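**Q** Residue-level listing of the chains:
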Amino acid sequence: MEFLNPVLDGFGVVLVPQNLLYCLMGVVIGMLIGVLPGLGPAATIAILLPLTYGIEPVTAIIMLAGIFYGAQYGGTITSVLLRLPGEASSVVTVFDGYVLAKQGRAGTALGIAAIGSFIGGTVAIIGLTFLAPLVASFALDFGPPEYTALALVGILLVSTISGGTKIKALIAAAVGLLLATVGRDVFTGAERFTFGNLSLADGIDFVPIAMGLFGVGEILYNLEERHRAASAPAKVANVWPSRKDLRQSSGAIARGSVLGFFLGILPGGGATISSMVSYAVEKKRAKRPERFGKGAVEGVAGPETANNAAATSSFIPLLTLGIPANATMAIIFGALLIQGVTPGPQLISEDPELFWGVVNSMYIGNILLLIMSIPLVGLFVKILRVRGAILAPITALITILGAFTIRNSMFDVLLVVLFGALGYLMKKFGFEPGPLVLAFVLGELLESNLRRSLLVLEGDVSGFFTRPITAVLLAIFVLVAVGPMIQSALAKRQQRQNARVSADS
Amino acid sequence: MNRKRDDQAHTAPTDFESAIDLPDLTPEELAAEWAADAAPPSGAIANLAASLVAAGVGVAGMLIALGLGLGTPGQPRPGTWPFIISLIIAVLALAQLVIGRRGGVDGEKFSPLSRMAGFGFVTLLGMVWLMPVIGFEIPALLLCFIWMKFLGGETWRAATLYSVLVVVAFYAIFILGLGTSIPHLL
Chain A
10 MEFLNPVLDG
20 FGVVLVPQNL
30 LYCLMGVVIG
40 MLIGVLPGLG
50 PAATIAILLP
60 LTYGIEPVTA
70 IIMLAGIFYG
80 AQYGGTITSV
90 LLRLPGEASS
100 VVTVFDGYVL
110 AKQGRAGTAL
120 GIAAIGSFIG
130 GTVAIIGLTF
140 LAPLVASFAL
150 DFGPPEYTAL
160 ALVGILLVST
170 ISGGTKIKAL
180 IAAAVGLLLA
190 TVGRDVFTGA
200 ERFTFGNLSL
210 ADGIDFVPIA
220 MGLFGVGEIL
230 YNLEERHRAA
240 SAPAKVANVW
250 PSRKDLRQSS
260 GAIARGSVLG
270 FFLGILPGGG
280 ATISSMVSYA
290 VEKKRAKRPE
300 RFGKGAVEGV
310 AGPETANNAA
320 ATSSFIPLLT
330 LGIPANATMA
340 IIFGALLIQG
350 VTPGPQLISE
360 DPELFWGVVN
370 SMYIGNILLL
380 IMSIPLVGLF
390 VKILRVRGAI
400 LAPITALITI
410 LGAFTIRNSM
420 FDVLLVVLFG
430 ALGYLMKKFG
440 FEPGPLVLAF
450 VLGELLESNL
460 RRSLLVLEGD
470 VSGFFTRPIT
480 AVLLAIFVLV
490 AVGPMIQSAL
500 AKRQQRQNAR
510 VSADS
Chain B
13 MNRKRDDQAH
23 TAPTDFESAI
33 DLPDLTPEEL
43 AAEWAADAAP
53 PSGAIANLAA
63 SLVAAGVGVA
73 GMLIALGLGL
83 GTPGQPRPGT
93 WPFIISLIIA
103 VLALAQLVIG
113 RRGGVDGEKF
123 SPLSRMAGFG
133 FVTLLGMVWL
143 MPVIGFEIPA
153 LLLCFIWMKF
163 LGGETWRAAT
173 LYSVLVVVAF
183 YAIFILGLGT
193 SIPHLL
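Going line by line, the protein sequences match chains A and B.
Taking the numbering used here, the leading residue of the first sequence gets 10, the next gets one more, and so forth.
Taking the numbering used here, the leading residue of the second sequence gets 13, the next gets one more, and so forth.
These are computed hints drawn from the structure, not numbers from a lab.
Note that the coordinates shown come from a computational prediction; the quantities given were computed from them, not determined experimentally.
Hints are supplied without guarantee of correctness; some may be wrong.
Said to hold, decoys possible - Under 7 angstroms between C-beta atoms, here's a sample of chain B residues computed to sit facing chain A:
id	residue
1	60
2	62
3	93
4	100
5	126
6	164
7	192
What the hints assert, rightly or not - Distance condition first, Cα-Cα at most 30 angstroms in a straight line; then the derived BS3-like pairs of lysine-lysine:
id	chain 1	residue 1	chain 2	residue 2
8	A	253	A	293
9	B	161	A	391
10	A	303	A	293
11	A	501	B	161
12	A	303	A	391
13	A	391	A	111
Built from N, CA and C at the ideal position, the CB exists for glycine as well.
Please put together the full structure from these sequences, using the hints given.
**A** Have a look at this one:
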């Protein structure tokens with residue numbers, strides 16, 4: 010149990026009153042912004058990034074954990090009350106959550122979601138505590154070729170699993186990689202794509218891209234979309250779920266925790282898939298499956314537990330390999346880099362205090378979420394009843410002024426607005442912003458490792474395939490890249506054949 | 013007390029069912045309703061435009077990368093990596109051009125309401141332009157007012173009142189409370 014010592018030491022750091030206070034603020038503000046219709050966790054965290062500036066790293070990270078959990082729960086609130094899922098992973102929550110709300114039991118749905126999220130999250134953090142050191146020690150031997158392959162697979166998986174057209178998602182990812190090359194080349198010092206602009210010489214900062222694409226992009230999109238928004242129910246009673254509800258959901262919560270933990274480790278839509286699988290499992294196991302979709306508490310408890318467990322276990326690839334598994338993790342990755350923390354296999358051995366500080370802050374964030382969510386439900390309902398027309402400029406101002414405070418730079422604010430327009434247009438034209446941000450974050454790592462590998466391998470590209478880990482990763486890459494194409498080609502052929510058969514008959 | 017009410021909800025669902033103004037929808041019906049609510053996909057012309065823009069980005073990237081020097085796999089130069097990515101962008105864009113030529117299911121058609129997003133973007137640009145010149149208060153007030161009155165359809169009175177309140181609150185938080193160096197008049 011010796012390895013547990015640094016874990017316990019980490020708690021000492023986290024439990025300092027000042028850190029707890031920042032975590033509490035993170036949870037509350039994360040929920041407040043996350044509850045705004047149309048702003049999912051990625052957008053919420055992006056908009057709130059400036060808050061974590063200017064405080065010392067450990068405190069900032071703890072606050073970030075609070076914002077992360079608050080933002081996740083914010084999406085649940087809008088799912089239940091407005092039938093507007095904040096992100097794909099809370100879509101299934103709508104099925105029973107909204108019906109419960111319509112029955113006047115929104116509080117039950119939100120309460121059980123909070124409890125499930127807490128249990129799922131905690132189980133996942135415990136799993137992470139034991140699994141992360143293992144993965145990290147395995148990854149310590151990774152050299153530049155392995156990292157190149159890993160980054161490629163990560164970007165590809167996130168691009169292909171996200172909704173929408175795969176080619177468009179891949180184009181977005183490639184544009185992200187291209188944006189990452191703007192600025193001085195780390196190897197030679199040559200300026201690339203700066204067009205003589207001094208502000209671009211140091212490269213484009215990650216924060217304006219994330220705040221623009223996710224934050225302003227969503228705000229602009231909502232300006233047009235708001236007119237068909239639903240209205241929140243007038244009052245929410247029964248905030249605390251009854252014993253009967255708890256008993257009914259306990260199995261769903263237990264299954265959701267385990268399911269979410271394992272599915273969340275996979276890159277791509279871990280949280281989304283796990284919430285859907287959990288819903289399907291609960292419906293199948295139920296004695297009266299017809300209750301599902303008509304206000305079954307387990308239909309909220311299971312998926313909400315699973316998506317929070319998955320959101321938490323997706324920290325494993327981030328913290329041990331330095332590869333974010335989804336867009337939200339990409340933003341957390343960027344935020345950690347800003348704090349001087351480079352997630353990767355070395356982090357756990359070189360800076361155990363910081364590593365366990367990050368992990369333990371999740372416990373705290375999770376607990377504070379549980380404590381704060383239930384009493385604050387009434388407040389959220391009030392916020393949701395404020396007209397969108399009044400909320401929109403407030404969110405816009407938070408983003409604009411927040412962006413300025415990062416480096417006191419108007420150029421950053423301009424970038425945020427410009428990337429906001431890009432984010433809006435991408436959405437309209439069917440391009441996912443997630444892969445772009447993820448690829449942008451990984452761009453530098455990918456390029457420098459690729460160039461280092463090529464130097465090591467003396468330009469012999471086949472050298473990638475003679476290293477076992479790299480070969481396996483690249484095989485996965487090829488499978489993921491080419492597999493769906495073959496599948497869809499086969500499906501089309503089948504369709505054509507079927508059409509011919511039916512035409513003949 | 014709460015718990016008691018809750019248990020009643022279980023035993024006597026009929027009282028509540030009558031209070032539901034929306035019909036109970038199964039997940040499938042809900043998904044269908046969402047699909048019907050959603051804006052139509054962006055269509056063939058949008059695909060053409062987006063693919064051409066992406067291809068243009070790819071070609072421009074390739075040309076600039078050529079100027080930076082391509083190098084060889086053994087000796088990569090600053091242009092090597094950007095060239096590879098730009099090439100990928102160009103190739104994928106052309107593939108999308110062909111595959112999506114009949115439109116597709118993704119994206120959203122622009123509607124008359126899309127002007128609002130454009131208008132919002134212009135006001136944000138205006139704010140970026142004015143903020144360093146006259147401080148954030150007046151631009152923020154104008155932004156709030158325009159967004160509330162013209163983009164949000166609030167009444168003159170509500171828009172004025174809430175705009176002033178919002179700017180006062182932001183001034184209190186960012187200038188007085190946090191002491192940030194956001195350019196301000198007062």
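**Q** Now tell me if each hint is right for this structure.
**A** Hint check results:
no.	hint	verdict
1	60	violated (11 angstroms)
2	62	holds (4 angstroms)
3	93	holds (5 angstroms)
4	100	holds (5 angstroms)
5	126	holds (5 angstroms)
6	164	holds (2 angstroms)
7	192	holds (5 angstroms)
8	A:253 x A:293	holds (20 angstroms)
9	B:161 x A:391	holds (22 angstroms)
10	A:303 x A:293	holds (15 angstroms)
11	A:501 x B:161	violated (51 angstroms)
12	A:303 x A:391	holds (25 angstroms)
13	A:391 x A:111	holds (17 angstroms)
Hints 1, 11, counting from the list given before, are not met by this structure.
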